[in-house]
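Peer 1: Construct the entire structure; sequences and hints are all you get.
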Amino acid sequence: MQNIPLEYYLILSGIIFIIGAIGMMTRRNAIILFMSIELMLNSVNLSLVAFSSFLGDSAGQVFVFFVMAVAATESAIGLAIIIALFRKKETVYVDEANLLKW
Amino acid sequence: MSVELIIFIILGVLAIASAILTITARHPIVSAMSLVFNFLILAGLYLTLNAQFISVMQVLVYAGAIMVLVIFTLMLLNLSDEEKFKYKFDYRKIIAWMIAGAFVVELIAIFTNPSISSPGISPNSVEIGTAQNIGAELFSNYILPIEIAGILLFGAIVGAMVMAKRKITE
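Quick note, the sequences are listed as chains A and B, same order. Note that our numbering numbers the first sequence so that position 32 is 32, with each residue one more than the last. Positions in the second sequence are counted from 1; adding 1000 to them yields our numbering.
Mixed in with the good hints there might be a few duds.
[To be verified] Covered stretches of chain A, as calculated for chain B (at least 3 residues, CB under 8 angstroms):
(1) 6-19
(2) 26-36
(3) 41-53
(4) 56-62
(5) 77-91
[To be verified] Within a straight-line C-alpha distance of at most 25 angstroms, the following computed DMTMM-like cross-link-like pairs (lysine to aspartate or glutamate) qualify:
(6) B:K1093 / A:E96
(7) B:K1093 / A:D95
(8) B:K1165 / A:E7
(9) A:K101 / A:E74
(10) B:K1165 / A:D57
[To be verified] Quick look at which bits of chain B chain A covers, simulated, 3 or more residues with Cβ under 8 angstroms:
(11) 1027-1039
(12) 1128-1139
Because the hints were derived from the structure by calculation, they are not lab data. No residue lacks a Cβ here, since even glycine has one placed at the ideal position from N, Cα and C.
Peer 2: Shown next as structure tokens:
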């Protein structure tokens, strides 16, 4: 495994993060926005694990564990919000949820 | 070109392709399926980094639990035709591409900097990635964060039930 440089993992992580950010800003379906957030969280996890393995420090993998716990929390709460929104407005498009818009 | 590098390139291309399919697919189920694929590919990438425990957790937590929840919600809401939906604001796309371009420029500026030296993978990375080592770290040095994570998960359970339940009084 000595043949893959650290930069390759970081570049791959950056590319996936950019794809997630583009999805976050262009799509309007709340569930796809949610999946874009998961993509970005995963790309950060990849760079954390890469740093952890290359530097020989286990703190990065522990951080990934906590990121996974927070992502599970976020998915439960976010999907509950989406279901509540669908029940109220019959839509999951975030443009149509404009009750608090000034 | 070594075998490890070939495996990394295959996994990387598949990861990028499934990520692009996730944000461009018209039907949300296609997005969810390609996101599951992306998570499995990332579990393979963690294995190339000798992180066994995180790889197993990726498959269990992300590809298992979280995506089951997402697909369950998709089935519950029964979404179909996205084509009738039109983008109301086009300037959002322009801003999105501008921010993405800024990220790309930043990445290129960082990785073409010749002063960055890459260390090799650590010789003790195999011992670091085991469940034994991660568990020992979690329950010794990180005992307070793991308790806080437990409280957070408990709050999330209660909050999700309160928000998703039907109002009985109305």
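Peer 1: It remains to establish, for every hint, whether it holds in the given structure.
Peer 2: To see whether the hints hold, each was checked on the structure:
1. Check result for the segment 6-19 of chain A against chain B: holds, 13 residues qualifying (beta carbon to beta carbon below 8 angstroms, three or more required).
2. As drawn, the segment 26-36 of chain A meets chain B at 9 residues by the rule of a beta-carbon pair under 8 angstroms; at three or more, the given contact holds.
3. Under a criterion of three residues with beta carbons nearer than 8 angstroms to beta carbons of chain B, the stated coverage of the segment 41-53 of chain A is upheld, 7 such residues being counted.
4. By the rule of at least three residues with a Cβ nearer than 8 angstroms to a Cβ of chain B, the coverage given for the segment 56-62 of chain A holds, with 6 such residues.
5. Counting residues of the segment 77-91 of chain A whose beta carbon lies closer than 8 angstroms to any beta carbon of chain B gives 9, which reaches the threshold of three, so the coverage claim holds.
6. For the given pair, K1093 of chain B sits about 18 angstroms from E96 of chain A by alpha-carbon distance, which is consistent with the 25 angstroms threshold.
7. Straight-line distance between C-alpha atoms of K1093 of chain B and D95 of chain A comes to about 14 angstroms, which keeps the hinted pair within the 25 angstroms bound.
8. For the given pair, K1165 of chain B sits about 47 angstroms from E7 of chain A by alpha-carbon distance, which is inconsistent with the 25 angstroms threshold.
9. The hinted pair formed by K101 of chain A and E74 of chain A meets the criterion: a straight-line CA distance of about 23 angstroms does not exceed 25 angstroms.
10. Proposed proximity of K1165 of chain B and D57 of chain A is contradicted: the alpha carbons are some 44 angstroms apart, above 25 angstroms.
11. Note: the segment 1027-1039 of chain B has 6 residues with beta-carbon separation from chain A under 8 angstroms; the three-residue rule is met and the coverage holds.
12. Residue count for the segment 1128-1139 of chain B with a Cβ under 8 angstroms from a Cβ of chain A: 6. That meets the three needed, and the coverage hint holds.
The structure fails hints 8, 10 (numbered hints given earlier, in ascending order).
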